[in-house]
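> Could you build all of it, start to finish, from the sequences and the hints given here?
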Amino acid sequence: MTTEATTLYENGLVWQWMPRTGRPSEPRDFAGYASWFTTSGETISAVGHGAVPQDVRALAATVVDLQGHAVLPGLQDSHIHLYHMGEVAHYVDLRGTSSFDDLSARVMVHAAKFPLADWLVGFGWEQDKLSSCARYPSRADLDAIPVSRPIYLWRTCFHIAVVNSKALAVAGLDISPHPAWTQPVAGGVVDVDGDGVPTGILRESVTPVHHPLA
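Taking UniProt numbering, I'd label the letters of the sequence shown as residues 1 to 214.
Among the clues, some could well be false.
Unchecked claim - For each label pair, taking beta carbons as the anchor points, the in silico distance ranges come out as:
id : residue 1 : residue 2 : range
1  : Asp-101   : Ala-5     : 56 to 62 Å
2  : Leu-13    : Arg-95    : 40 to 46 Å
3  : Pro-115   : Leu-13    : 58 to 64 Å
Treat the hints as calculated values from the structure; they're not laboratory data.
No residue lacks a Cβ here, since even glycine has one placed at the ideal position from N, Cα and C.
Right, here's the structure in full:
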């Protein structure tokens, strides 16, 4: 079996996760940055700070002087929500919806397929692809869908959701002008219209708070 050659990178400012805090290195916390690391093939095999140990240097087939430059993780790495993969198997698939009529039809098909489901949950809509108006769906749009159950539809990013009036009521959000809705709620935002009434759009941390499966 062929052993991958080791490359030593030294004299750098190497960003890393901090095991003592469970957080990334702080920008000005230079003690949290490594100064050298080694790779074997496509794998980082060792990381350290200060002088490179002689046994590590002895194994290096190639040495690269970073000359004080910063080293960051590969920013091409995918940003994924892996745990959602299991959940969405039971959701209304709204990917590729091109109009509000299309969105409504998919919700109705799902409702007919799962008549005993307490909630109708979907995912994958993108406002830029919903007809020519390219706007977020609203509580009024979902209220127009002829079903009597709460509707909860995630945007494709899973940072924004739109719900119908039934869902707002079940979640305890008052459907009336309320000063609290103009402020962040539980780390997120409840969008309101010009009269201060919730539009049905929930953002960021407020979405899992009112998620039916949370």
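> Could you run down the list of hints and mark each one as holding or not?
Evaluated hints:
no. : hint                         : in the structure
1   : Asp-101 / Ala-5: 56 to 62 Å  : holds (60 Å)
2   : Leu-13 / Arg-95: 40 to 46 Å  : holds (41 Å)
3   : Pro-115 / Leu-13: 58 to 64 Å : holds (59 Å)
Checked against the numbered hints listed earlier, the structure breaks none of them; every hint is satisfied.
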